[in-house]
Structure formats: structure tokens, C-alpha cells
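Peer 1: If you want the building blocks of each chain, they are given just below.
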Amino acid sequence: MLRRTFLGLLGAAGMGAALSKSALAAGNQHFTGHPGSFGVLFDATRCIGCRRCEAGCNQVNGLPRPAKPFDDLSVLDVKRRTDAKTYTIVNRYDKIPGAAGPVFRKFQCNHCLEPACASACFVRAFSKTAQGAVTWDESVCVGCRYCMIACPFEVPTFEYNEPLTPRIMKCTMCYPQIMSGQLMVPGCVGACPTEALVYGKRDRLITAARERIYKYSGRYLDYIYGEHEMGGTSWLYLSGVPFKALGMREDLGVTPAPELTSGALASVPIVAGLWPVLLIGIYAVNKRKDKIAREERLQAVAEALTKAHADTEHKLERAKTKAEADQKAAIEKAVKNALEEAAKAETQEGD
Amino acid sequence: MSTDNPAVKKSLYTPFNIMVGLIFLVGAVITALRFTKGLGAVTNLSDNNPWGIWISFDLLCGVALAAGGYTTSAACYVFGLKRYHSAVRPAILTAFLGYSLVGFALLYDVGRPWRLPYPFIVQSGPSSVLFEVGLCVMLYLNVLFIEWSPAALEWLGVKWQGLKKVRTVIVKMTLGLTIFGVILSTMHQSSLGALYLIAPSKLHPLWYSSYLPVYFFVSSIAAGLSMVIFEGTLSHHYLHDKMDATYLSEHDGVTMGFAKGAALVLAGYFLIKVVGITMDNNWHYLATKWGAWFLVELLGFVALPCFLYAMAVREKNLLMARVASVITVLGIVLNRFNVSLVAFNWQLAPADRYFPSWMEIAISLYIVTLGVSIFWFISSRMPIFYEHPQFKEHETAEFHEHKLKKHPQSFGH
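Read top to bottom, the protein sequences are chains A and B. Numbered per this note's numbering, the first sequence spans residues 747 to 1097. Numbered per this note's numbering, the second sequence spans residues 72 to 484.
Errors might be hidden in some of the hints.
Stated by the list, open to error - For each label pair, taking beta carbons as the anchor points, the in silico distance ranges come out as:
(1) T1001(A) - P188(B): 30 to 36 Å
(2) V346(B) - E884(A): 43 to 49 Å
(3) D840(A) - W354(B): 36 to 42 Å
If you're looking for bench data, these hints aren't it; they were derived computationally from the structure. Computed from a predicted structure; not experimentally measured. Cβ atoms here follow ideal geometry from the backbone N, Cα and C, with glycine treated the same way.
Could you build the full structure based on these sequences and the hints that come with them?
Peer 2: Structure, rendered in C-alpha cells:
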């Protein structure tokens, strides 16, 4: 539990760093999107694969015309993805078990509530606007492409053929056009002839989606894709067939991307705080050990010298004593000899 | 210096030099292509695979293999293993060049290279792991430059005497710089692993773990120790005439000491990898083909060199330690490639997977060649493998001091 609480706090801190100006702003809260923010509900049971949304998107965003016109439906024969010239595509999925015919799925940026791209960007080029759109700022982007690594939906694309000013290209949910009043709804939504796309407040879209699931229970799976994926996305999906069959990941989990790295990031200041203590401690211990070893060595040398000195003196003393004794003995012997000889001479003289 | 010139002229047209020249020529052509036609013209990068070998090899492997700088200087100056002193300068030079070339490679890889300082001067994204990596790498590059500069100052100090004072000041900063370097290295070595924490849906579970930052940090220590052994072997072969008696007499000791360290670190690394699999209960993946590949990495390039290092220390076998160092270095390269390329995007259809273009490989080769050439240039001119005679005394002043203290005492009585 302790670890969980700790990580939770770290997560909150990381989220705060990603989404608000103050790192301390977020407490023990779960972020569920900016209140009143907008999103789009895509209903796969209504989509007929006409590609009008692709044409609408292309037109309002002033993107280059594709080689094949938008009314050419043969492009649906292969699975496509978005690229630097295409913000959205529709793919056709055939022979899905349980489905009467082909099912279509639109692909574009999902505009996460807590975007991985924004969390990953080291110049904060991405922002989650209060209106719901995730936008990108060309004026600071370095072109490192970490956003593309981070995005679980593989949305951001890159202008690989631009030598010096490549841009990250992705759906903006027509944020600039809507804010300037040029459009009321995103280009794709406006172009949809079957109301497979609905633009509105995310909260209301979730309610609307639930109503559809309730009213036409045989038509839909009881699941709104995007309600909780990666912490929730502004773009929501309804389908009558498993989302996996429409090429959508069902294993993304509900953890918002910023929480995945917040624990590691939070350990950085801890390292900065603790490592100097540890390293200087090790250094000091080693230095002290060296010093003590050196002192002990010197002491041992001094002791050895003193002992040697004492030994020498002792030896000298003994030698001296012995020499003195020898000398004394020699003198005594000489005196004795002299006395003996004197006595001999005396007796000879007496004869 | 004048005696050098005929030698240089003589060796200008050796097969080695011709090959180096050719690599530089090809590198220059591809460089021109990159900055006129864009990344698309020279790389196989795509919207699904935004990072290729310039990140996997030049950045991830480059930084890991330059870890010898902080491991060696920490061993010598912090952990008090002074016998490794002669190994510090080559390791610092390698690290300095390694990090410089990481920065150089990034100029090719990022879309707008002149904006690389933007995170620090225009707008910061501190919630990004990449911000942390960038900040630490940038700071550490400066630390390495200062740590390396005494060698250059000793070389230049012969002509300009004033530089000797600068050198003295820098040498006094050694401990501080070493500690700062270890802190920065701990942070960015681990953060390179943390880069991938944000993409659990893209990296295979056997390689994805919340311990990724710890794995990257611990394996970088093994990489650093092994690179010192591996490079020492190469330098011994090609730069033998530049080495002084101290370097040569300490060399075998450095190899065995570092082999012992590497054996321990690899054993720890092996254990925490197993802990990671256990924590996420990923055992069942070992039975898949991804599991087989994972075991090749873990058993063949972590457990095996660990065992070889331990044997080498026990048997005092230098050759075995050298073999183990090569396997470890290859293992680190394999690991970084597995995390960033092989097991990354593992769920994509085979047709959407990435394989580098020959031009990407050529640029990486060009950058490595550039590094080796600059290493050669510097180590054959500056005091890297030997102590400069003018500064020798200063370095060992402490040692002399004790000697002097001892002598009067021993003859005093």
C-alpha cells in the first residue's frame, strides 16, 4: 500500500507538471478532462466508408490533394494510416465474424485527456486546450519525434522529406478554424452524410452513446472506446463488432501516459539529493581508512626502531660488562702470575 | 614535433588511411543529402518507426559505452582505488569523445538541429524524460570537457606557461567534478531507459519493465568497466609507444580489478532482470520466440560474461577477462537494440517494421571512425597514457610527502 500511495503521489506530481503551471497544483485527484471540453463520437455502425470526411478534412486544412480522388473507394482495399499529408483516413474491415458486411473505422488523433505526446515533449510544443483539442506549436518543435514514440495510437506524423523545417502533422480537431469562427464543427464531422460523426461536449457525447447502447442493444457492444483508454480520450467510438477487429488496441489500459514516467522522473531529485551524501561519505571513509593505515604504519616503524635501539643498547651494555669482566679477570690473572713469579724468585733466592 | 611530419607523410597512403578517407568521403556525401533532401532521403524511418539506429546505436549505445568515464574516475577518486589512476585519463577522453559524438549524431537525427538548445533557453518541458536526458547529457558533456582539459593544458602549457595555473585550479576540482559526474551519469543513464516507460503498448513485455531505468543504469556500469578493459587491450596494441612505465605496470591490475567489478555488477544485473520478469509474471513469454531471443541476451550476453569474468579473476587469466569484456560490450549493444528497435513495435506487421538503410549505417560508421581518429590524434599528442614529466611530481606529491616524513625518522636515532 505504501508503494502504491507513493507512486500515486508521484503520478499526481507528474500530471501536475504536464498539465498545469504549478508542479504542486495537483493533489490526490483523478483528472477527467477539462470541464465542458469538446469531443467527437464516431459510430462504426453508421459509417458507410464514403471518405467524405477525408475530403472535408483535406479541404478545410488546405492539405495537398492525394493522387487518387476521394470518391475512388478502391483505396479502401488496403489498410492505410495517416501521414504528413493526411490527418484522417477510413479503413474497411471485411469478413468480421458476426458482421453482415464490411465495417469501416475512421482514424485520426484521439485528443487524449492527458496526452502522451504533451507529456513526452521536452519543449512543451503540445498543449491540451480547454476546448479539448491537442495542438502542436511549430515555433518551438525541435523535431526529435519522441511524441511519435510516446503516442499509443501512433498518431503524430513527420515531414521526413523536409530537410530543414520538418513539421509534426496531425489532426487538430480543427481547433484553429473553430476558434476563429471559420467552422462550427470539425471538417470531417461537417462532411459526414450519415451522422456517423457527432461533435459536442464530451460529457454529453458519453450520455448520448449510452442512450444508443441502451436503445439498440443488439446493434452495439456495451462499450465506449475512448472513455477510459489511456486515461480517456476526447474522441469516442461505438461499434457493433469487437474494436480489435477494427484494428484498435484493446490492451492499452487506463493509466494516463504522464503517470507512466512520473515515478522515474520523481527519482531524479532524490538522486541529486542522496548521491552526494553517499559518495562524499564513501570518499571520507576511504580517506580516513588511508589515514589510519598510514598512522599505524608510521607507529609500527617507530616502535620497531625504538625496540631495535633498546636491543642494541642492551647488547652493548652486556658486551661492555663482559669486556670489563674479562679485563678484570685478565688483570687478576696477571697479578696472580706476577705474585706467583715473585714468590718463586723469593724461594730461589733463599736457597 | 618536427620529427612527426615525415612519419605522417609516410603513413598517409596506408590501406587503413585510405579506408578512413573513403568513410569520411561517403559520410560527407550523405551529410549533404540529409540536409538538402531530408531524413526521408537517407533513412528508412517512417511514421510508425520514428527512431532508427541513429538513436539505438549512436545515442543509446554511445552513452552506455562511454560510461567508462564515470566508473573509472569514481573508482579512483571516490572509492579510493588509486592503483587505477593511470586508467582514468584514457577513460575520461573516451567518455568526452563519446558524448561529443552523441551530440554530433543528434544533429543528423533531429528535424531542426539548431533548436537543440531550445529546451533550456526557449521553453522547457520538465514532464518529459527526454528533457532530463538532454539536460544531464549537456551538463555532463561540460563536466567531461573540464575533466579532460588538464591533458590539453599540459600539452599546450609547454608553449604558454600561463595555462599551467588554470590546470592547477582544475586539478583541485577533481573530486567535485567526479561526484557531479556520477550524479549526472546516474540520472541520464537511467533516464535513457525511462524514455521507453511511456510506451508499454509498443515494447515487448519481456523488455518493458518499470525497472527499465535501473536496468539501463546498472548495465551501464558493466559497460563502462568492460569498455575500459576492451579499449585498454586495443590501446596496448596500437599506442604502446605512448605509454609510460606507470600505465604499463598498472595495466594488468586495472584489467583484473575491473574484471572483478564487472563480474559482480553483471551478477546483480542478471538478478534484477529475473526479478523484473517475476514481478510482472512474464515467465510464460519465455516459451515464445521472443522468449528465446530474450534468453539469448540474458544467458549469452549477461550470464556468460559474468561467469567468464569470475573465472578470469580466479585463474588470473587476462585473455579470458578480455574475451568477457568483448561479450559484455556486445551484450549492451544487443540490449539497447532490443529495447529500442527489435522488441519495440513488435506487434506491427512485418512489412511495417524498420530496418536501417545502408546510408544510416554509413553515417553511424562515419561517426565512430571520426571518434577513433580524434582519439588517436589526441592520445598521440597529449599526456593520456603517460604522465607529463613537468606535472608528474604534482600528481604524486602526497606520496612523496610520506616518504620524506619517514626518512628522517628512520635515520634520526
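Peer 1: None of the hints should be skipped; say for each whether it holds.
Peer 2: Comparing the hints with the structure gives:
no.: 1; hint: T1001(A) - P188(B): 30 to 36 Å; verdict: holds, 33 Å
no.: 2; hint: V346(B) - E884(A): 43 to 49 Å; verdict: holds, 44 Å
no.: 3; hint: D840(A) - W354(B): 36 to 42 Å; verdict: holds, 37 Å
Checked against the numbered hints above, the structure violates none of them.
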